[in-house]
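> In case you want the letters, here they are:
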Amino acid sequence: MKEVLFDIRHLQKYFPIRKGFLKKHVGDVKAVDDVNVTVYKNETLGIVGESGCGKTTFGKSIMLLENPTGGEVIFHDEGKEKDITKLDAQEQLHFRKRVQMVFQDPYNALNPLKKIIESFEGPLKLHGIRDKAEREEIMREVLRVVNINPDYLYRYPHEFSGGQRQRLCIARALEVNPEVLVCDEPVSALDVSIQAQVLNLMKQIQRERQLTYLFIAHDLSVVQYMSDRIMVMYLGNVMEIADSRSLYDRPAHPYTEALLSAIPVPVRGAKKQRIILEGDVASPINKPAGCVFHTRCRKCTERCRREAPVMREIAPGHQVACHLYDDAAPAAVAAGEEQAE
Amino acid sequence: MDENIILRVRKLNTSFKTEDGVIPIVKDVDFDVKRGTILAVVGESGCGKSVTMNSVCRLLGKNAQIEAEAIDYMQQEEDGSVHPVHMKDLTNTSKEMRALRGKEISMIFQDPMSSLNPVYKVGRQVMEALLQHQKMSKQEAMAQVIEMFKKLGIPDPENRVNNYPFEFSGGMKQRVVIAIAMINNPQLLIADEPTTALDVTIQAQIMELMVRLKEEQQKTIILITHNMGLVAETADEVAVMYMGRVVESGTADQIFAYPAHPYTDALMRSVPVLGAMEDGKELATIPGQTPNPKDVTDGCEFANRCDKCMDCCKTGLVGNHEVEPGHFVRCHLFDGKGVRS
Numbered sequence: 001m002k003e004v005l006f007d008i009r010h011l012q013k014y015f016p017i018r019k020g021f022l023k024k025h026v027g028d029v030k031a032v033d034d035v036n037v038t039v040y041k042n043e044t045l046g047i048v049g050e051s052g053c054g055k056t057t058f059g060k061s062i063m064l065l066e067n068p069t070g071g072e073v074i075f076h077d078e079g080k081e082k083d084i085t086k087l088d089a090q091e092q093l094h095f096r097k098r099v100q101m102v103f104q105d106p107y108n109a110l111n112p113l114k115k116i117i118e119s120f121e122g123p124l125k126l127h128g129i130r131d132k133a134e135r136e137e138i139m140r141e142v143l144r145v146v147n148i149n150p151d152y153l154y155r156y157p158h159e160f161s162g163g164q165r166q167r168l169c170i171a172r173a174l175e176v177n178p179e180v181l182v183c184d185e186p187v188s189a190l191d192v193s194i195q196a197q198v199l200n201l202m203k204q205i206q207r208e209r210q211l212t213y214l215f216i217a218h219d220l221s222v223v224q225y226m227s228d229r230i231m232v233m234y235l236g237n238v239m240e241i242a243d244s245r246s247l248y249d250r251p252a253h254p255y256t257e258a259l260l261s262a263i264p265v266p267v268r269g270a271k272k273q274r275i276i277l278e279g280d281v282a283s284p285i286n287k288p289a290g291c292v293f294h295t296r297c298r299k300c301t302e303r304c305r306r307e308a309p310v311m312r313e314i315a316p317g318h319q320v321a322c323h324l325y326d327d328a329a330p331a332a333v334a335a336g337e338e339q340a341e
Numbered sequence: 342m343d344e345n346i347i348l349r350v351r352k353l354n355t356s357f358k359t360e361d362g363v364i365p366i367v368k369d370v371d372f373d374v375k376r377g378t379i380l381a382v383v384g385e386s387g388c389g390k391s392v393t394m395n396s397v398c399r400l401l402g403k404n405a406q407i408e409a410e411a412i413d414y415m416q417q418e419e420d421g422s423v424h425p426v427h428m429k430d431l432t433n434t435s436k437e438m439r440a441l442r443g444k445e446i447s448m449i450f451q452d453p454m455s456s457l458n459p460v461y462k463v464g465r466q467v468m469e470a471l472l473q474h475q476k477m478s479k480q481e482a483m484a485q486v487i488e489m490f491k492k493l494g495i496p497d498p499e500n501r502v503n504n505y506p507f508e509f510s511g512g513m514k515q516r517v518v519i520a521i522a523m524i525n526n527p528q529l530l531i532a533d534e535p536t537t538a539l540d541v542t543i544q545a546q547i548m549e550l551m552v553r554l555k556e557e558q559q560k561t562i563i564l565i566t567h568n569m570g571l572v573a574e575t576a577d578e579v580a581v582m583y584m585g586r587v588v589e590s591g592t593a594d595q596i597f598a599y600p601a602h603p604y605t606d607a608l609m610r611s612v613p614v615l616g617a618m619e620d621g622k623e624l625a626t627i628p629g630q631t632p633n634p635k636d637v638t639d640g641c642e643f644a645n646r647c648d649k650c651m652d653c654c655k656t657g658l659v660g661n662h663e664v665e666p667g668h669f670v671r672c673h674l675f676d677g678k679g680v681r682s
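First to last, the sequence lines map onto chains P and C.
Under this note's numbering, the residues of the first sequence are numbered 1 to 341, in order.
Under this note's numbering, the residues of the second sequence are numbered 342 to 682, in order.
Next up, chain P with everything else stripped away, as it sits in the complex (with noise of 0.2 Å):
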C-alpha cells in the first residue's frame, strides 16, 4: 500500500506582468496552472518538459519558494495533514526540514568565498543544533555518504570538480535529515561520464535513507533511469503522469509521444519513427484556447481548439488530459492504445 506524501490541488502560479508608472497590471505569466498530482512516500516523481513548461516552479511551489497563487498542497506528515500554503513561520521552518532541494548548477550554488564548513553550517544553525562538535559530526557524515574525503570540509568550492560539487550540494541538502529532495536539473551541467556517477550515487542515498524525490529535468532518458512515476509537463499544464515503463511504452499524450521520439538513442539503427513538432512553445502569457498543446498537436481537432481537456484516467495510475481519450470507456482507450503504438 503506497502512503500518500503529497496531494497536489489546483496548484496554479502565477507571475504579474505590471506595466507603466502605476504599474498597472496588465496580465500574468502562467507558469504553473492547475496541476494535480499526488506524491507517494519513498517513490521518485520525475518532472519533464521543454525549458519554461513549468517544471523549476512547480518544484520551487512545492518548497515554499515560491508562493502558490492558488491550490493547495497538503502535506502528510506524521499522520497530521496541512496545507503548506498556510503555514505561519514557525511550521514552515519545521517544514522546510523535511523538504530540501539541489540545484542545477553546482557552480553557482556553492558561495565561492565560503569555505564548505561555512556554507554547511547555516542550516543546521538555523534548524537549532548548537553544539559546534555535533554540527562538525553531522557534516562529516553526510560528506561520507556523498563519497568526499570529510577533512574537505575546509576547502573552498574552487578546489572541486563539477561533479564532486554537485556532491557537495546533494551532502547539504542531506544534513538536515530530510524526507524529500526536490532535485532542480542536478545532473545537467555535469560531463557524461560524470553524470552516470552523480546519478548511481543519488539512487543508491534514496535506498538506504528512504527518500522521496522529485526529480525535475528535460532529459527525458534521465528522468526515466532516475523516476517510478513521470508527470510530463507543457505550457504550465500536466499532459499526462504515468509510471515510467508504460509512459515508455504506451505514451497516450500526442506530446509524450513527439517528445520521445525526438530524444536521440545511442543504438545505431535503431531509426524510430520521428514525429517532429513544428514550431515552437507558444507564450506562457497569451496561452493558446482550449488544449495549450493544439498549436503543435498533429492530431489536433476542432474540439481541442475550444475546449481545455481534463485530466482524466484511462490505466491503472495512467492519467492523461487529452481529448483522444474522453470517451474513455475501456475498450476506447484500447483501441487509443494500439494507436499511439
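What the hints contain is simulated information worked out from the structure, not anything from laboratory work.
Note that CB positions come from ideal geometry on N, CA and C, so glycine has one too.
The reader is advised that the hints may include incorrect statements.
[Unchecked claim] Below, in silico cross-link-like pairs of lysine-lysine (DSS-like), each with a Cα-Cα straight-line distance of 30 Å or less:
| # | chain 1 | residue 1 | chain 2 | residue 2 |
| --- | --- | --- | --- | --- |
| 1 | P | K2 | P | K80 |
| 2 | C | K358 | P | K203 |
| 3 | P | K2 | C | K649 |
[To be verified] Only part of the chain C face toward chain P is listed, based on derived beta-carbon distances under 10 Å:
| # | residue |
| --- | --- |
| 4 | M438 |
| 5 | V460 |
| 6 | N568 |
| 7 | A598 |
| 8 | Y604 |
| 9 | L608 |
| 10 | S611 |
Given chain P, put chain C in place with the hints provided.
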C-alpha cells in the same frame, strides 16, 4: 590523392602558451573527411574536439601554436576539377585563409544566443557574409538572404530579416546562425555542438535540417558533440577523442557494433538509454574525472581511469591499431593483434 576526401589532417598538434608553460591540447590528430558524409567528433568537455576544428579553421588566439604535417582542403572548382589547398602554410589572416572561411568551410557555433550580434538586424548579419565573398548589390544580397531563410524553414522571411535576434526563439536563432554559415554555399560545414543549448524537440528539427543538407545538397558536415544519441542517428564516420587524442575512429556502424577502446565502451554504457534500462540496473560509471591537461604525464591518457589498465599503459606512446578495415583503436589491448575479419 583520393578525390572523395574533402579534408585531410595529419599529425595535428596544437598547444597553448600559458603561465605554466606550453600545454599540449591536441596531440597527433589524424583524420580524413569524405565528401558528402557526416563525421562526428565525440568526447567530453576539455577533450580537444573544438580546439581541433578551430585549429583547422585558424580561429585560435595568439597564444596557440599549431603544428601539422598536413592540413589539406580539396577545393572543387565549378568545372568539377579538384585541387588541394595546403592550409597549414597559410597564416590566420591571410587572403587565402579568409577566402576559404565562410566560402568553402564555415562553422556553426554552440550557443545561438551569443553568436549573433544583438544590435543588428538578422538580415544584415546574414548579408554581411555574402557581401564579404561576392560582388553584388545589397538588394541582390537581401533577396538571397530571404531565399535562404525560406529554405531553412524560417516562416515569413520577408519580414523576419528585419527583426533583431531577441525577437527570435532559440531554435529560430540557430536557423539564422545556420543561414550565415550556408549563405555562400560552402562545401564543408563544421557544427560545434549545434543543438546543446536547445530543447529536444527543437534539436530534432535542427538535426533533420542538417541531415537534409547532406542528402539533398551533398554537403559535408563535421559534427562536434558529446551526445552519443545524435551520433548514432546521424553520423557516417566517428572519431572519439579523449585528452587531445583520437582514441578510436571508424564508421559509425563499426563503432557502435564493436566499441573497442575501453573509453568508448564506458562512454556508451554510462548514458541511460530510453526504454532499454532494466529495472534496478545501475549505469556503468567511469571512475575519477578528466585530468587537467597540464597534469597529464607519460603513457596512455586514460590509464588511471581505465578498468583494463596494464603496466605497459603507464609509460610510453600507445600505438594506433587497425582492428577492422578502417577501424582504428589507440590501445595496448590490441598490440600485436591482426585485423579482425
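> Are the hints correct? Go through all of them and say.
Now for the hints, and whether the structure bears them out:
1. P:K2 x P:K80: holds, 17 Å
2. C:K358 x P:K203: Not satisfied, since the Cα-Cα distance of roughly 43 Å exceeds 30 Å.
3. P:K2 x C:K649: The hint is violated at about 44 Å.
4. M438: violated, 33 Å
5. V460: This hint is violated: V460 of chain C lies away from chain P, its Cβ roughly 23 Å from the closest one there, beyond 10 Å.
6. N568: holds, 6 Å
7. A598: holds, 7 Å
8. Y604: holds, 9 Å
9. L608: At about 7 Å, which falls below the 10 Å cut-off, the nearest Cβ of chain P leaves the hint on L608 of chain C intact, so it holds.
10. S611: Holds: closest Cβ of chain P sits about 4 Å from S611 of chain C, inside 10 Å.
The structure fails hints 2, 3, 4, 5 (numbered hints given earlier, in ascending order).
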